[in-house]
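Those sequence lines, one after another, are chains A and B.
Reminder that position 66 of the first sequence reads as 84 in my numbering, one-by-one numbering, no gaps.
Reminder that position 99 of the second sequence reads as 100 in my numbering, one-by-one numbering, no gaps.
Mixed in with the good hints, there may be bad ones.
[As the list claims (entries may be wrong)] Here's a subset of chain A near chain B, in silico, CB distances under 10 angstroms, partners left out:
1) 25
2) 40
3) 48
4) 69
5) 70
6) 71
7) 78
8) 82
9) 89
10) 96
11) 97
12) 156
13) 162
14) 174
15) 179
16) 182
These aren't lab readings, by the way, just hints derived from the structure by calculation.
Each residue gets a CB set at the ideal place from its N, CA and C atoms; glycine is no exception.
Listed here are the chains, written in short residue letters.
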Amino acid sequence: MMIFGLSIVFVFTAIITVAGALAAALMRNLIHCALSLTVTFGGLALLYLQLDAQFAGFAQILVYIGAVAILVVFAILLTRGAGHSEYKDFSNRWFGGLALAAGAFALLAWAVVRSLPDNVTTGAAPAVTVQTIGKSLMSTYVLPLEIVAVLLTVALIGAVIVAMPESSSTKAGGR
Amino acid sequence: MTPLSAFLLVAALVFSIGLAIALTRRNAILVLIGIELMLNAANLNLIAFWRFGEHAAGHADALRGMMFAIFSIAVAAAEAAVGLGLAIAYHRHSKTTDLDAMTRMKG
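Pulled out of the complex, with its shape left as it was, chain A reads as follows:
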């Protein structure tokens, strides 16, 4: 079944993705924002699967829905409390930000529509198995893999140190 020449599965996942992002932008409750963000991550994973990128799709589900969304919910719950209601949700200069974002979308959409013919030939789905990905991670991409390993270790230690309770000398005035 087709809508405007697009498959109905694509239209459905695209609508889910964009609607989740819009809900995250507009809702007032932070937890609702985090949950609709999760919907967007799931929709993006489905789009990856439609692009025959199975590994990236499942990595997206594992990393974003499994880790980042949970982390965001925890951070919201930990930082909620005093002083939440006295502030407005949107910046005073929200109109300028909205205009900038709309301008960015107009520019991107103009470039996409102008530069791409609709009949880009799609070859057969590239045969990418987890085995080939693992082999090339261990051969061609071994240096980036090691750098990412170091980066993740540093980020983990750094995040723990930043979020750790401070020593008692500064705590006396803060609390």
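Following the hints, complete the assembly by docking chain B onto the known chain A.
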């Protein structure tokens, strides 16, 4: 098969919504959410171009675009962890995550 431009338009929409979140919301955690959305839109572009690009079967470069996206996912996860840790640390200090109230970061 869905054309490439449809995926690129969805990615452009997600990117600009993320940009709008990062520019207009006042909560630091929501700004981080907006940045995550922008990174995800870039990943969608990478994978779409990987799928529609030309690559001979079995060629060593056949994986390049997807590898870029996978490493980008890993870096984005590290960024989220550090950013949320910073938000929690600042909240412990001054009991707010409102960006307009975050006027000093010197301890």
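Here's how the hints hold up against the structure:
| no. | hint | in the structure |
| --- | --- | --- |
| 1 | 25 | 6 angstroms, holds |
| 2 | 40 | 6 angstroms, holds |
| 3 | 48 | 6 angstroms, holds |
| 4 | 69 | 4 angstroms, holds |
| 5 | 70 | 6 angstroms, holds |
| 6 | 71 | 5 angstroms, holds |
| 7 | 78 | 7 angstroms, holds |
| 8 | 82 | 7 angstroms, holds |
| 9 | 89 | 6 angstroms, holds |
| 10 | 96 | 5 angstroms, holds |
| 11 | 97 | 4 angstroms, holds |
| 12 | 156 | 12 angstroms, violated |
| 13 | 162 | 6 angstroms, holds |
| 14 | 174 | 7 angstroms, holds |
| 15 | 179 | 8 angstroms, holds |
| 16 | 182 | 8 angstroms, holds |
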